[in-house]
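Chains as they are written, first to last, in the working numbering: chain A, 1 to 120; chain B, 1001 to 1113.
It is possible that part of the hints are untrue.
Unchecked claim - Cross-link-like lysine-lysine pairs, in silico, DSS-like; alpha carbons within 30 Å at most:
#1 B:K1058 / A:K22
#2 A:K44 / B:K1049
#3 A:K36 / B:K1049
#4 A:K67 / B:K1068
#5 A:K71 / B:K1049
#6 B:K1068 / A:K41
#7 B:K1100 / A:K71
#8 B:K1058 / A:K41
#9 B:K1058 / A:K52
#10 B:K1069 / B:K1100
Source of the hints: derived by calculation from the structure; they are not laboratory data.
Keep in mind that this is a model prediction, so the values were computed, not measured.
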Amino acid sequence: DTAVSQTPKYLVTQMGNDKSIKCEQNLGHDTMYWYKQDSKKFLKIMFSYNNKELIINETVPNRFSPKSPDKAHLNLHINSLELGDSAVYFCASSQGGYPGLAGGGTGELFFGEGSRLTVL
Amino acid sequence: AQSVTQLGSHVSVSEGALVLLRCNYSSSVPPYLFWYVQYPNQGLQLLLKYTTGATLVKGINGFEAEFKKSETSFHLTKPSAHMSDAAEYFCAVSGGGGFKTIFGAGTRLFVKA
């Protein structure tokens, strides 16, 4: 039973289209994330939700809109896709945040297998 | 602000040789440090972590890392490389930002037969 699952695993689409990626975790965690991994393997955080509340929103274009309907799900919708959006998008989850915070967890992130987006 | 620098984007070792992957960090608060491994076409999985306490931490698959505050380092080692260790390795730091984990650029480990 997969802990963090993402769908679809592969997306190939044309510039200007809109696409969505879905993520679900069955670990009972309260925090979920979207990371973007570029062609050079560099990982950058995009968004984080804690108990369905947006807590991290990095400098990501407005074309990217996350949505967390409940603690177990975090979806990512991308409008007007551009060539530069081509990447692997990883969903991750954790219990709590920084271990030093009140209510903080272990800090360990659990990743999905990634969704490879190719924009033509 | 926090940052992570991994020295060497590629490291090549022979099977049975020592593996040493270098990581230096910068953090304005006590850091929590992690090493993750990524196999081809897979997500990242935790190898080991340092939070508090013992500075030498052991992880899965025979890997270990030592937190050295004076050197702001958290290098990853394994005494004897195996072909199955070939993968991308990421050092990461957490803390201060609450929920943000910052990753290094990654080091690709090649293992030669």
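Okay, the hints, checked on the actual structure:
1. B:K1058 / A:K22: violated, 34 Å
2. A:K44 / B:K1049: holds, 20 Å
3. A:K36 / B:K1049: holds, 22 Å
4. A:K67 / B:K1068: violated, 40 Å
5. A:K71 / B:K1049: holds, 25 Å
6. B:K1068 / A:K41: holds, 26 Å
7. B:K1100 / A:K71: holds, 18 Å
8. B:K1058 / A:K41: Status holds; Cα separation ~25 Å.
9. B:K1058 / A:K52: Answer violated: K1058 (chain B) to K52 (chain A) is near 34 Å, above 30 Å.
10. B:K1069 / B:K1100: holds, 21 Å
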